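Engineer: Given the coordinates of chain F, work out where chain Y should sit on it, guided by the hints.
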Amino acid sequence: MMSRKVRKYFSFTAFVLPAFLFYFSLSLLPTMQGLFYSFTNWHFMNPKYGFVGLQNFINIFTKDRYFVMALKNTFKLVAALVILQPLIALLLALMIEACAKWLQKIFRTVIFVPYMISTIVGTFMWSFVFRQVFTQIGSSIPLLGFLNQSWLSNVDLAFWSIIIVSLWHGTPLLMVIFLAGLAGVPVQLKEAAVIDGAKPSQVFWHIKLPLIFYSLTICMFLTIKDAFKSYEIVYALTGGGPGWATQVMTLNIFEEAFSGNYMFGYASAKAVVFLLIVLVFTVAQLLLMKRREVEL
Amino acid sequence: MTRRITPLYVLNILLLTLLALIFLFPILIGFLNSFKSFQEIFLSTLSLPKSWSLDNYITVFQRIKLLRSTGNTAIVSALAIAGIVLFGAMAGYKLSRTRTKYSTVIFLLFISSMLVPFHAIMIPLYQMASKLQLKGHLPGLSVLYIGLGVSLSIFMFHGFTKSISREMEEAASIDGSSEFGTFFRIILPLLRPAMGTIIVQMFIWTWNDYLLPVLMLLDMRQFTIVLSVNTLFGEYGNQWNLILPALIMAVIPVIIIYIFFQRYIMQGVLEGAIKG
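In order, the protein sequence lines correspond to chains F and Y. My numbering numbers the first residue of the first sequence as 1032 and each following residue consecutively. My numbering numbers the first residue of the second sequence as 5 and each following residue consecutively.
A hint or two may mislead.
Subject to a maximum C-alpha distance of 25 Å in a straight line, what follows is the list of computed SDA-like cross-link-like pairs (lysine to any residue) [unchecked claim]: (1) Lys1039/F / Arg170/Y; (2) Lys1136/F / Leu1198/F; (3) Lys1136/F / Lys166/Y; (4) Lys69/Y / Gln226/Y; (5) Lys1136/F / Leu113/Y; (6) Lys105/Y / Leu1052/F; (7) Lys166/Y / Ala1211/F; (8) Lys166/Y / Gln271/Y; (9) Lys1256/F / Trp1191/F; (10) Lys1321/F / Leu1115/F; (11) Lys1132/F / Lys69/Y; (12) Lys69/Y / Glu239/Y; (13) Lys105/Y / Phe1043/F; (14) Lys1260/F / Leu1118/F; (15) Lys105/Y / Phe1041/F; (16) Lys166/Y / Ser107/Y; (17) Lys1221/F / Lys166/Y; (18) Lys1036/F / Phe188/Y; (19) Lys1103/F / Leu1118/F; (20) Lys166/Y / Leu1307/F; (21) Lys105/Y / Phe1051/F; (22) Lys135/Y / Lys1221/F; (23) Lys69/Y / Met1147/F; (24) Lys1079/F / Gln271/Y; (25) Lys1132/F / Ile263/Y; (26) Lys1321/F / Leu113/Y; (27) Lys1036/F / Ile110/Y; (28) Lys54/Y / Ser1171/F; (29) Lys1079/F / Ala1211/F; (30) Lys1036/F / Thr108/Y.
FYI, nobody ran anything at the bench for these hints, they're computed from the structure. The structure displayed is predicted, hence computed values, not measured ones.
Chain Y on its own, in the form it takes in the complex:
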C-alpha cells in the first residue's frame, strides 16, 4: 500500500514526535540537569547547563562506588540467568517429551505459581532465605532469582520443545549418545530462540529489580546499582546535583544494551508477554 502525504498524515507524525518526546522527557531533563550545580538547578531546570563539566559525575561515581555496584549487578544477573536457562531448559524439555500423568502434574505445579505476586510470598521467602543462608551475598540472591524465575523458563521451553522433531534424538540415541550428551549437543542448540526470549526477560527483571535485593542484601559492598541509587536518594533527598548523575549513570548500561540488541529485546519481550 502506498501512502499519500496528507495534512492528516503530517499531523499524526508531529503528534507522535511530541508524544515520543514526552516519553523521553524525564530522562532528557534529568540528563540536562545532571551537569548543573545545586543552585543552577534551583534557579532553572529548563536552561542548558552553564558548563558540561563532569564534576557531579565524578563525585557521585566515587561516592556510590558505581563500578562495584555495576559489577555486583552483573554477577547476580549472569548467575541467575545461567541457572534459569539451564535448569529451565532441562526440565521444560523433559516434561514436554514425557507424556505421563506424573509429568503433567509436575508441569502444572510449576506453572501454577506464575500468577502469584512477589508480595504474597515475600515473608516466608525472607525466612527461608535466612534458613538456607542465602541472605547477604550475591550468589544467594541469584539462587533466589532462579527459584522465582525458573517456572516461566520451564513454561517457555516446554512450549518450544514441541516444535522440535523427535527424530534427531532417536538418531542420536541409536548412534549410542547418552541422554545428557544428546541434550547438550543437539537439543540445547535447537532451543536457542526460546533461550533468547528467556534471557531478555530475565535480564530486564534481575538487572532492574529492587525488592528482592533490598530484602536480601545488607552490606553496602554488595549493593546492586538500583540499591546504591536508592541509598543515595535516601541520604541526599533534595540534592538533585548528586542524584541526577547517579540516575543517568544507572540507566546507561541498560540503554547501551538496548541500542545494540534492540531487535532481540523487542522480540524477546513480545514473545514472553504473549506466551507467558
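Looking at chain F on its own, in the form it has when it is part of the complex:
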C-alpha cells in the first residue's frame, strides 16, 4: 500500500502532466527560446550560429527603417482603435438597450455576425467592397461621391480602410460585453434617478458609466491586445502597402522570418521587442483601469 502522500503526488502528476507537456513544449519553451535566439545571428539555412550580444536590438532601432516605420504604424493603429472601437461599441450598446426586448435580440444577433467570420475571409469581402463596390457607388450616387477613390492604394485611405475592417470585425464583441454590463445595472437605481429628475445624460454619466466601468476595462484590454496583434486584416487588405505605408510590426516580423529572408535570429529580436511592448501596454492598462472600478 502506497502512502497517502505518494498517492496524492501520483494523482497530481497524472492530472496535470498531459496539459503541462503540451504547454511546456509548445508555449513556454518557444517563448524562452525566442529570447535566446534574439541574441544570435541564426539563419534558417545555417545550422551554426553565434552570439551577437545586443547587436540585433541595436540594428533594429538604428539601421532598420522599415521596422521603425512598422512600429509607428502599429501605434497609430492601436491609438485609433483604442479610441474608436470602445466608443462605437458603447454607442451601439446604448442604442440597442433603448429598444424593446425582442428588437434588442434581433439587433444584437445581426451585428454580432462579423465576429463569427474568419478575419481573413471577412477582409477579402471588404477588399471586394473597397475595390469594386465603393467606386461604383461613388460614381453613380453624387451624394456618396467621396466613396469613389482608390481606397487601398492611397496612403491615408489605406490606413482608414484597415481601421474600418478592424472596427467591423472588433466592435460586435465589445458591444455584447457592454450590453451585458448595462443589463447588470439595477433598474431601481435608474428609476430612482429619473424620479429625482435626472436627465438621460446624467443617468448615463453618474449611474450607468461608473457601474459598467468593469466592461470598459475589458473592452479596452481586448482592443489593445487585438490591435497590437493585427495581422490578417493588414495582410489581406493592403499587404502592408502601398509601399510600406501600412506595414505593422506583426507583418514585419513575419516577413523577416518567412518571406525570403529567414533571418531567424534577427526576427526573434523583433519578436522580443514586440512582446515587451504588448506586455507593457496591456499590463499598464489593466493596472490603471482596475483601480477605478466601482464595486456595487
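Structural biologist: Just chain Y now, with coordinates in the frame of chain F:
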C-alpha cells in the same frame, strides 16, 4: 418599465437598422455578386444578378475541393477542442483542488503565457514543430492548437471548479471510487458550463485561424477552408466571380452553426471575454 413610442425611439430603431445593414453589407453584397459573371460584376455590383445560376459555385466548389477542406478543418478543430477540453479540465480541476505552493506556481506558469501574442513565439514554434514532426499533417496542427490553447482552458476550469462542492468527491471516494473514476463520472459532467464556454472559444479560433495553418500545412490536400480560400485569392486576384462564391461558401458552415447555437455562442464568448 414600459416604453413610450416617441419620434426619438423610432429614429433610434431606424438608425440601428441602418447600422445593422452596414455590418452585414460586405456579406450581403458579396452574396449578391457571387452569382454574377465577371463582366456583370465589372458593369454593376449593385444590381441584382441576371440569373441566380449556381455555375460559379459549382466551378469553385470543385476547384478548391471545398468538401475536402471543410472536412480537414473539422478534423483539426475537433481534435484540438477535444484535447484542450480534456487536458484543460483535468489540470484545471486538479490545480484548483490542490492547495500547495507547488500547485500555485504551476498554475501561474500556465496563465503567464496568456498575454503572449502568437507572433512573439511564432519562430521558435515553427522550429519546434519541425523537430517534433508536427508539420505537414492535420493531427500535428491540432497538437499545436492544444499547446497554445490549453492554458486558457485551465484558467477557466480552475475558476469553475471552485464553485463545485467537495462533498461529492469525498462521498465517491468513501464508496471506493478511484480518483480518475470520480473525475470522469462526477466532476466532468458538473464542469459542463465551463466546457461550453471553452468549446465556443476554441471553435471560433481554430475554425477561422489563418497563421498557424499557413505555417504548418504545406500540401494542398490538407488545406483548411481558410487556406483554400486564401490560395484561390492569391491565384485569381481580381476574378471576383470565382472568389466571392468561395468566400460565401467558406462562411456558410459558421453561419449555420451560429444560427443554431446562437444563445450558447453569445454566452460562451461573453464569459470567455470577461473571465479571460
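Engineer: Taking 25 Å as the top limit, are the C-alpha atoms of Lys54/Y and Ser1171/F close enough?
Structural biologist: The hint holds at about 20 Å.
Engineer: For Lys69/Y and Glu239/Y, compute the direct alpha-carbon distance and say whether it is at most 25 Å.
Structural biologist: holds, 15 Å
Engineer: Regarding the pair Lys135/Y and Lys1221/F, is the alpha-carbon distance no greater than 25 Å?
Structural biologist: Violated. Lys135/Y to Lys1221/F sits at ~60 Å, over the 25 Å cutoff.
Engineer: Under the criterion that the straight-line Cα-Cα distance not exceed 25 Å, is the pair Lys1079/F, Ala1211/F satisfied?
Structural biologist: violated, 55 Å
Engineer: Just to be careful, I want the Cα atoms of Lys1136/F and Leu1198/F compared with a cutoff of 25 Å; is the pair within it?
Structural biologist: Holds - the C-alpha atoms of Leu1198/F and Lys1136/F are around 21 Å apart, at most 25 Å.
Engineer: Quickly compare the C-alpha distance for Lys1079/F and Gln271/Y to 25 Å and report which way the hint goes.
Structural biologist: Measuring from Cα to Cα gives roughly 51 Å; hence the hint is violated.
Engineer: With the threshold set at 25 Å, check whether the alpha-carbon distance from Lys1039/F to Arg170/Y stays at or below it.
Structural biologist: holds, 16 Å
Engineer: Check the hint pairing Lys1036/F with Phe188/Y against an upper bound of 25 Å on the C-alpha distance.
Structural biologist: holds, 22 Å
Engineer: Lys105/Y and Phe1051/F were given as a pair; does the straight-line alpha-carbon distance stay at or below 25 Å?
Structural biologist: holds, 17 Å
Engineer: Sort out whether Ser107/Y lies within 25 Å of Lys166/Y, counting only the CA atoms.
Structural biologist: holds, 15 Å
Engineer: Is the hinted pair Lys69/Y and Gln226/Y satisfied, with a Cα-Cα distance of at most 25 Å?
Structural biologist: Status holds; Cα separation ~11 Å.
Engineer: Given the proposed pairing of Lys1321/F with Leu1115/F, does the C-alpha separation stay at or below 25 Å?
Structural biologist: Satisfied, since the Cα-Cα distance of roughly 21 Å is no more than 25 Å.
When held up to the earlier numbered hints, the structure conflicts with 3, 5, 11, 17, 20, 22, 24, 29 and fits the remainder.
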